[in-house]
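Participant: Sequence:
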Amino acid sequence: MVKNLLSKIENELKAGLQAALKSAVAKGNLILDEFPDEITVEVPREKEHGDYATNLALVLASRAKMAPRKLAEIIVEELELDFVEKAHIAGPGFINFLFRKDWLYDNLRLINELGDHYGELDYGKGERVQIEFVSANPTGPLHVGHSRGAVVGDILARIMETAGYDVSKEYYINDAGNQMEILGQSTLLRYREALGEDIVMPENVYAGDYVKEIANGLIEKHGESLLDKPEGEQLEISTEYAYQSMLDNIKNDLAVFGIEFDSWFSERKLHPDKIEEAIAVLKEKGYIYEKEDAIWFAATEFGDDKDRVIIKSDGAPTYLAADMAYHLDKLERGFAKLINVWGADHHGYIPRMKAVVEAFGYDRDTLEVIVVQMVTLLRDGKKVPMSKRAGSFVTMQEVNEEVGIDAARYFYIMRSTDSHFDFDLDLAKEESANNPVYYVQYAHARIHSILANIEQDFTEEGADLTVLTDEAEIDLMKLLAYFPEEVKLSAASREPHHITSYASELATAFHGFYNNCRVITEDDELSRARLYLVRAARQVFKNVLNLLGITAPDQM
RNA sequence: GCGCCUGUAGCUCAGCUGGAUAGAGCAACGGACUUCUAAUCCGUAGGCCAGAGGUUCGAAUCCUCUCAGGCGCGCCA
Numbered sequence: 002m003v004k005n006l007l008s009k010i011e012n013e014l015k016a017g018l019q020a021a022l023k024s025a026v027a028k029g030n031l032i033l034d035e036f037p038d039e040i041t042v043e044v045p046r047e048k049e050h051g052d053y054a055t056n057l058a059l060v061l062a063s064r065a066k067m068a069p070r071k072l073a074e075i076i077v078e079e080l081e082l083d084f085v086e087k088a089h090i091a092g093p094g095f096i097n098f099l100f101r102k103d104w105l106y107d108n109l110r111l112i113n114e115l116g117d118h119y120g121e122l123d124y125g126k127g128e129r130v131q132i133e134f135v136s137a138n139p140t141g142p143l144h145v146g147h148s149r150g151a152v153v154g155d156i157l158a159r160i161m162e163t164a165g166y167d168v169s170k171e172y173y174i175n176d177a178g179n180q181m182e183i184l185g186q187s188t189l190l191r192y193r194e195a196l197g198e199d200i201v202m203p204e205n206v207y208a209g210d211y212v213k214e215i216a217n218g219l220i221e222k223h224g225e226s227l228l229d230k231p232e233g234e235q236l237e238i239s240t241e242y243a244y245q246s247m248l249d250n251i252k253n254d255l256a257v258f259g260i261e262f263d264s265w266f267s268e269r270k271l272h273p274d275k276i277e278e279a280i281a282v283l284k285e286k287g288y289i290y291e292k293e294d295a296i297w298f299a300a301t302e303f304g305d306d307k308d309r310v311i312i313k314s315d316g317a318p319t320y321l322a323a324d325m326a327y328h329l330d331k332l333e334r335g336f337a338k339l340i341n342v343w344g345a346d347h348h349g350y351i352p353r354m355k356a357v358v359e360a361f362g363y364d365r366d367t368l369e370v371i372v373v374q375m376v377t378l379l380r381d382g383k384k385v386p387m388s389k390r391a392g393s394f395v396t397m398q399e400v401n402e403e404v405g406i407d408a409a410r411y412f413y414i415m416r417s418t419d420s421h422f423d424f425d426l427d428l429a430k431e432e433s434a435n436n437p438v439y440y441v442q443y444a445h446a447r448i449h450s451i452l453a454n455i456e457q458d459f460t461e462e463g464a465d466l467t468v469l470t471d472e473a474e475i476d477l478m479k480l481l482a483y484f485p486e487e488v489k490l491s492a493a494s495r496e497p498h499h500i501t502s503y504a505s506e507l508a509t510a511f512h513g514f515y516n517n518c519r520v521i522t523e524d525d526e527l528s529r530a531r532l533y534l535v536r537a538a539r540q541v542f543k544n545v546l547n548l549l550g551i552t553a554p555d556q557m
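Residue numbering for the first sequence follows our numbering, starting at 2 and increasing by one per position.
Treat the hints as calculated values from the structure; they're not laboratory data.
All C-beta atoms, glycine included, are put in the ideal place defined by N, C-alpha and C.
Take these hints with a grain of salt, some might be off.
Claimed, not checked - For lysine to aspartate or glutamate, the following EDC-like pairs were computed, each having C-alpha atoms within a straight-line distance of at most 16 Å: (1) K9 with D123; (2) K292 with D263; (3) K15 with E43; (4) K270 with D366; (5) K275 with E333; (6) K4 with E114; (7) K28 with D38; (8) K430 with D381; (9) K9 with E121; (10) K307 with E291; (11) K48 with E472; (12) K313 with D366; (13) K284 with E302; (14) K338 with E369; (15) K28 with E74; (16) K430 with E472; (17) K543 with E121; (18) K479 with D107; (19) K222 with E237; (20) K23 with D107; (21) K15 with E79; (22) K543 with E506; (23) K338 with D366; (24) K23 with E78; (25) K4 with E74; (26) K543 with D525; (27) K543 with D117; (28) K479 with E47; (29) K383 with D423; (30) K222 with E204; (31) K23 with E43; (32) K66 with E114.
Unchecked claim - Restraint-style ranges between C-beta atoms, simulated for each label pair: (33) S450 with E369: 40 to 46 Å; (34) H347 with D123: 31 to 37 Å; (35) A208 with K230: 36 to 42 Å; (36) T301 with E277: 20 to 26 Å; (37) G463 with N12: 27 to 33 Å.
Can you make the complete structure from the sequences, with help from the hints?
Facilitator: Listed below in structure tokens is the structure:
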């Protein structure tokens with residue numbers, strides 16, 4: 002079954018061009034030592050250049066010892082494709098193709114037939130992919146630094162799922178290091194403080210107010226009873242309580258943000274067996290050695306700058322040791338790709354993790370790391386100061402409550418992950434044309450309004466779509482047809498921001514249509530066809546917004 | 001010092017595996033609602049694609065170097 006009409010046509014065009022070359026050679030009009038493996042065809046930037054264009058004649062000119070335009074003429078002469086209405090030669094030797102409109106009408110029918118499934122592809126071939134993201138330490142609430150990675154991971158997962166991958170979303174909980182104990186100590190101090198003791202908070206503890214809230218919860222649960230217990234036990238209870246409390250908080254923040262994970266992987270599960278196993282595997286292969294009382298991994302053998310300590314001289318494993326074991330576990334679970342979404346501050350870690358993957362005997366590209374650059378919050382055009390050290394970070398929840406979930410999700414995803422992102426809070430909560438989220442949602446609401454204004458007994462059934470010939474209608478139909486390609490591109494490149502660009506372009510095309518073409522007219526035939534078009538457009542808006550995890554409102 | 005990311009219109013950014021006259025939004029200016037939602041649309045203006053070399057039919061895109069900004073370079077997690 003056809004899911005992507007544009008892609009089908011593109012393939013037929015390439016095949017047609019190959020056939021034209023062969024035909025020309027057979028007739029002796031063209032001499033080629035070999036036929037090209039891959040023919041490039043693309044949608045031209047300029048509308049005037051037609052539906053598709055190819056640089057084939059330019060590419061082959063020197064090999065055919067022929068002027069590009071002359072070669073183009075020969076190709077066009079031999080080309081036989083019934084969906085091509087016109088092929089003409091332009092510029093230095095491009096061939097521009099103008100298609101018959103039928104494919105656009107066919108695509109509208111395809112949209113209405115597939116409904117919510119329009120845009121779904123077999124491109125990923127069911128390949129099992131894991132995307133690990135957020136994975137923040139459960140020692141404090143998620144802040145805006147985590148938000149961007151959270152949305153990128155979540156939407157990339159949705160996109161790849163739609164493109165036909167079997168995607169699993171995972172959160173790695175760093176719940177084993179000594180930072181958990183520090184959280185427990187911090188909580189215990191606040192607990193005693195709340196029960197009347199004078200406490201001076203030492204330097205190396207978590208001083209944020211959220212710790213007081215956890216401590217209050219601890220009092221609710223245990224009263225003063227902890228004070229009667231031995232210190233070790235106090236700390237243990239406090240640590241576990243604070244950990245669970247923080248984890249619940251994180252899970253809740255993410256759930257409210259529309260982000261659900263398939264699995265939550267606790268680092269504790271790796272200690273000590275899996276870590277020992279991972280080290281044993283590498284030792285067997287000869288990549289482990291001892292030096293200065295520590296155990297090292299020979300990362301430089303796989304292109305890293307330095308070898309890395311995995312067991313410290315005091316006998317404790319480093320963070321890398323656990324991460325090694327974790328990635329071994331992931332690899333053993335049989336994923337074809339492991340995609341990790343990391344903040345830019347961790348990018349220096351990429352070479353050693355790729356080294357680890359390679360050392361375990363897998364292709365280093367099995368692991369893909371998407372580095373998400375930093376976020377700066379802007380309010381009144383000025384940077385909102387944020388410093389972890391000063392404890393003045395803005396939480397994920399605060400921003401989401403201020404600007405709303407839809408705007409937050411859209412904003413975090415609308416720029417390339419490679420670029421730093423200035424998050425304009427005032428713009429995000431502005432209910433105006435300036436706000437790109439509303440611009441897209443408004444298109445959907447407008448469609449709903451049109452449909453509501455059409456009498457109940459008027460339907461698009463039996464519509465003759467060939468009356469849809471206005472430029473605005475053609476533009477809209479083309480954009481609708483590009484959607485599956487956008488999904489493919491975004492999935493293949495792991496770049497989710499293309500979807501917001503597309504959503505915005507689609508909205509522009511719709512608003513243009515709205516201003517040029519009335520749906521409800523005196524002409525029933527025309528109204529019927531436009532109704533058909535508008536229903537298809539609503540479906541695609543719904544699918545796009547759904548892909549972004551953003552609501553598609555009926556009214557605004 | 002080394003590594004990664006970025007540098008495109010006044011501002012924020014697109015520009016896919018190299019293609020034709022480099023685009024969008026905002027801001028500025030001028031227009032369009034007795035008509036399905038004006039949270040919309042149309043038009044005008046705005047550019048040495050940081051700089052210099054190279055690769056080729058053709059470079060914002062690929063390579064090298066320089067400059068500027070961000071982030072990293074632990075027996076921290």
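Participant: Does each hint hold? Answer for all of them.
Facilitator: Here is what the structure says about each hint:
Restraint check for K9 and D123: satisfied, since their Cα atoms lie roughly 13 Å apart, inside the 16 Å limit. The hinted pair formed by K292 and D263 fails the criterion: a straight-line CA distance of about 40 Å is larger than 16 Å. Only pairs whose Cα atoms come within 16 Å are accepted, and K15 paired with E43 is accepted, the gap being roughly 11 Å. The hinted pair formed by K270 and D366 fails the criterion: a straight-line CA distance of about 26 Å is larger than 16 Å.
For the proposed pair K275 and E333, the alpha carbon gap of about 12 Å is at most 16 Å, so the pair holds. Restraint check for K4 and E114: the C-alpha separation of about 10 Å stays at or below 16 Å, so the hint holds. Restraint check for K28 and D38: the C-alpha separation of about 21 Å exceeds 16 Å, so the hint is violated. Pair hint K430 plus D381 holds up; C-alpha atoms about 12 Å apart against a cutoff of 16 Å.
For the given pair, K9 sits about 15 Å from E121 by alpha-carbon distance, which is consistent with the 16 Å threshold. With a CA separation close to 15 Å, the supplied pair K307 and E291 stays within the 16 Å bound. Proposed proximity of K48 and E472 is supported: the alpha carbons are some 11 Å apart, at most 16 Å. A threshold of 16 Å between alpha carbons decides the hint, and for K313 with D366 the separation of about 29 Å lies outside it, so the pair is violated.
Note on K284 and E302: the hinted pairing holds, with a Cα-Cα distance of about 14 Å set against a maximum of 16 Å. Restraint check: the Cα-Cα separation between K338 and E369 comes to about 7 Å, which is no more than 16 Å; the hinted pair holds. For the suggested pair K28 and E74, the alpha carbons sit about 14 Å apart, so the restraint of at most 16 Å is met. Straight-line distance between C-alpha atoms of K430 and E472 comes to about 34 Å, which puts the hinted pair past the 16 Å bound.
For the proposed pair K543 and E121, the alpha carbon gap of about 13 Å is at most 16 Å, so the pair holds. Between the alpha carbons of K479 and D107 the distance comes to roughly 11 Å, so the proposed pair stays at or under 16 Å and holds. With a C-alpha separation of about 15 Å, the suggested pairing of K222 with E237 holds against the 16 Å cut-off. About 30 Å separates the Cα atoms of K23 and D107, which puts this hinted pair outside 16 Å; it is violated.
Between K15 and E79 the CA atoms are separated by roughly 13 Å; this keeps the pair inside 16 Å, and the hint holds. Simply put, K543 and E506 have alpha-carbon atoms about 15 Å apart, close enough for the 16 Å limit, and the pair holds. About 8 Å separates the Cα atoms of K338 and D366, which keeps this hinted pair within 16 Å; it holds. Annotation: proposed proximity of K23 to E78 holds, straight-line Cα distance about 12 Å (limit 16 Å).
Using a Cα cut-off of 16 Å, the hinted pair K4 and E74 is violated, with the two alpha carbons roughly 34 Å apart. Our distance criterion of 16 Å between C-alpha atoms is broken by K543 and D525, whose separation comes to about 26 Å. With a CA separation close to 8 Å, the supplied pair K543 and D117 stays within the 16 Å bound. For the hint linking K479 to E47, the alpha-carbon distance of about 14 Å falls within 16 Å, and the restraint holds.
Note on K383 and D423: the hinted pairing holds, with a Cα-Cα distance of about 10 Å set against a maximum of 16 Å. Taking the CA atoms of K222 and E204, the gap is near 28 Å; set against the 16 Å cutoff, the hint is violated. The suggested pairing of K23 with E43 is violated, with an alpha-carbon distance near 22 Å, which exceeds 16 Å. Taken as a hint, the K66 and E114 pair is broken in the structure, with Cα atoms around 49 Å apart against an allowance of 16 Å.
Take S450 and E369: their Cβ atoms lie about 43 Å apart, and the range 40 to 46 Å holds. Checking the proposed 31 to 37 Å range against H347 and D123 shows it holds: the Cβ atoms sit about 34 Å from each other. With their beta carbons about 25 Å apart, A208 and K230 fall outside the hinted range of 36 to 42 Å. Checking the proposed 20 to 26 Å range against T301 and E277 shows it holds: the Cβ atoms sit about 23 Å from each other.
Checked against the hint of 27 to 33 Å, the C-beta distance between G463 and N12 comes to roughly 32 Å, which is consistent with it.
Checked against the numbered hints listed earlier, the structure breaks hints 2, 4, 7, 12, 16, 20, 25, 26, 30, 31, 32, 35; every other hint is satisfied.
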